[in-house]
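J.: So the sequences go chain by chain: A and B. Using numbering that gives the first Met the number 0, read the first sequence as starting at 0 and increasing by one per residue. Using numbering that gives the first Met the number 0, read the second sequence as starting at 0 and increasing by one per residue.
Calculated from the structure, these hints are not laboratory results. Careful, some of the hints might be misleading.
Unchecked claim - Capping the alpha-carbon separation at 30 Å, the derived lysine-lysine pairs in DSSO-like fashion look like this:
id, chain 1, residue 1, chain 2, residue 2
1, A, K324, B, K197
2, B, K3, A, K151
3, B, K324, A, K151
4, A, K99, B, K317
As the list claims (entries may be wrong) - Ranges of calculated distance between the beta carbons of each label pair, as one might list FRET restraints:
id, chain 1, residue 1, chain 2, residue 2, range
5, B, D27, A, D55, 34 to 40 Å
6, B, E321, A, A247, 36 to 42 Å
7, B, Q109, A, R297, 34 to 40 Å
8, A, P50, B, E325, 40 to 46 Å
9, A, R163, B, E321, 32 to 38 Å
Unchecked claim - Just so you have them, the derived chain A footprint on chain B, three or more residues with Cβ under 8 Å:
id, region
10, 124-131
11, 269-277
Glycine included, C-beta positions come from ideal geometry on N, C-alpha and C.
Number of protein chains: 2
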Amino acid sequence: MPEKIRVGIAGYGNLGRGVEAAIGQNPDMMLAGVFTRRDPSQLQLLDSAVPVHPLDGIANFRDEIDVLILCGGSREDLPQQGPALAAMFNTVDSFDTHAKIPAYFDAVDQAAEPSGHTAIISVGWDPGLFSLNRLLGEAVLPEGQTYTFWGKGLSQGHSDAVRRVPGVAAAVQYTIPVPQAIERVRSGSLPSLSTREKHTRECHVVLAEGADAQSVREAIISMPDYFADYDTTVNFITAEELRERHAAMPHGGFVIRSGQTGASNTQVVEYALKLDSNPEFTSSVLVCYARAAWRLNRQGITGAKTVYDVAPGLLSRKTPQELRKELL
Amino acid sequence: MPEKIRVGIAGYGNLGRGVEAAIGQNPDMMLAGVFTRRDPSQLQLLDSAVPVHPLDGIANFRDEIDVLILCGGSREDLPQQGPALAAMFNTVDSFDTHAKIPAYFDAVDQAAEPSGHTAIISVGWDPGLFSLNRLLGEAVLPEGQTYTFWGKGLSQGHSDAVRRVPGVAAAVQYTIPVPQAIERVRSGSLPSLSTREKHTRECHVVLAEGADAQSVREAIISMPDYFADYDTTVNFITAEELRERHAAMPHGGFVIRSGQTGASNTQVVEYALKLDSNPEFTSSVLVCYARAAWRLNRQGITGAKTVYDVAPGLLSRKTPQELRKELL
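When you get a sec, could you build the whole thing from the sequences and use the hints?
T.: Right, dumping it as structure tokens:
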């Protein structure tokens with residue numbers, strides 16, 4: 000039995016907890032420690048035997064962690080933590096601010112490469128597995144069109160946006176793909192679809208005391224970038240309903256590539272996710288890419304990487320021989 | 000503009016013709032030549048400017064071909080051609096006899112490695128893209144089950160088996176996934192499904208003169224391995240009907256991975272293909288893996304490879320920077 004890969008977790012929210020659970024499903028890995036900015040004694044881990052340390056002392060653990068999974072957020076945490084921690088550890092993260100990926104890649108690369116570390120950025124399902132399918136679709140079918148649909152699922156960014164509206168005490172927002180749009184894409188007809196035609200948005204809002212429902216609704220549905228381009232439904236509910244019926248974090252979506260080959264044959268490729276728990280699935284993807292980061296590093300392949308740089312076999316616990324015999 | 004990748008085609012049937020068409024969709028490649036065992040003057044290429052040569056003189060073209068795409072069959076051609084041609088060229092093939100893949104891999108590796116060539120075997124959709132999704136599914140969701148469904152589509156192997164039945168003049172066989180089985184798998188309920196529950200088989204048979212329909216039907220539906228374990232329908236049709244209504248080669252299928260994360264959250268991943276032309280799609284996959292074979296070879300990575308060894312970025316014409324900016 001080879002030694003287990005020693006994984007560390009930096010940041011213990013929904014994603015960090017999901018990573019802890021996912022490591023438990025992978026017998027070639029062990030959770031060597033959790034690092035937090037909170038008071039370590041306040042963290043309730045799934046496995047109380049795992050040591051918890053303050054994040055600011057993490058430099059002392061360089062020899063005890065083979066791969067560190069960064070579970071902070073893309074807005075506040077990763078822009079600083081990603082480069083800083085890739086200078087000390089092999090890392091995997093789920094940086095998902097699409098527009099800033101090139102700059103983030105460069106910053107992480109400049110920290111990882113000179114220090115001899117391997118850092119796989121933007122891992123999860125989008126970016127991540129969806130990115131993989133966008134690439135595969137257009138590589139296999141160069142003459143065609145790629146469509147990404149999200150949902151039905153709880154969008155953290157849009158929920159946050161609703162919560163910032165004056166008069167909103169609490170809220171969740173679901174992104175819902177339009178079934179007719181998906182069917183048109185699946186038919187291979189290569190439709191042009193506006194933003195409004197692809198997704199609808201559904202908000203469940205708890206009003207603050209004394210707030211006016213009509214003006215809250217107006218403020219939400221007219222919000223630029225987030226809602227103005229969509230058909231948005233706003234439902235007002237009680238705090239109890241929100242707690243009882245909207246605590247889960249389901250998500251999912253579709254990447255569909257439709258293209259033509261030969262004279263005029265239509266080919267349709269679809270990748271679909273239906274997730275009961277968005278953070279747990281993202282965590283599961285992070286964990287298998289952590290295995291790949293460790294293996295790449297042992298091969299001397301360092302610097303920042305993305306899912307595009309990782310040969311799929313590196314993700315599996317199985318040997319290349321087993322993969323060819325059992326799965327190919 | 001960098002020089003184009005010079006691709007050769009060995010064998011010009013449906014697959015070879017599909018490769019010719021696919022190369023036309025990839026401006027970084029050019030078709031440098033077609034090699035055939037038939038009389039070269041008899042071949043009708045899509046582009047009559049492409050030179051056609053006898054296959055037995057292919058050794059003279061080592062300096063003119065960057066990657067050779069092997070378009071022969073898995074039963075008769077590739078077991079011999081795969082190793083022989085990988086000793087002279089970088090190659091890509093669609094060897095699809097699942098049980099014999101490990102032995103074939105070894106034979107090709109022993110030819111490719113010492114001669115400094117890169118040979119990607121078993122490329123297409125199954126094996127190929129489906130294999131990739133079987134691996135990804137179990138790597139991301141270790142606690143779960145993977146289901147592969149094929150069809151609705153024309154199966155070459157099963158059509159051949161029907162044609163070998165005495166009294167059959169011509170025939171096609173469609174493999175049809177059972178919709179209820181797919182729905183049960185999509186629900187995340189991890190059903191146990193027998194062979195009979197997953198697929199049905201539909202044969203369209205033209206009887207030979209004087210053949211007895213009832214005994215032909217019996218011989219087909221009771222055929223071990225091919226039909227005995229399935230619910231099989233046999234329809235008798237005329238030669239005209241066969242030509243007019245069953246000449247296309249549609250296919251497709253589904254790889255579905257369903258698993259649990261955390262306490263008990265169900266996650267379902269589905270990859271689905273709906274193909275108007277099975278050989279043209281397989282050809283399109285071969286062509287983008289030809290690009291990868293050439294790039295791997297230029298990096299000094301030689302020997303036999305499978306889709307598991309190929310980082311996805313190598314499949315795309317785009318640069319790593321473009322991929323991160325546009326697709327990640």
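J.: Against each hint, give a clear statement of whether it holds in the structure.
T.: Hints, verified against the model:
no. : hint                         : verdict
1   : A:K324 to B:K197             : 23 Å, holds
2   : B:K3 to A:K151               : 44 Å, violated
3   : B:K324 to A:K151             : 26 Å, holds
4   : A:K99 to B:K317              : 19 Å, holds
5   : B:D27 to A:D55: 34 to 40 Å   : 49 Å, violated
6   : B:E321 to A:A247: 36 to 42 Å : 37 Å, holds
7   : B:Q109 to A:R297: 34 to 40 Å : 26 Å, violated
8   : A:P50 to B:E325: 40 to 46 Å  : 42 Å, holds
9   : A:R163 to B:E321: 32 to 38 Å : 35 Å, holds
10  : 124-131                      : holds (count 4)
11  : 269-277                      : holds (count 8)
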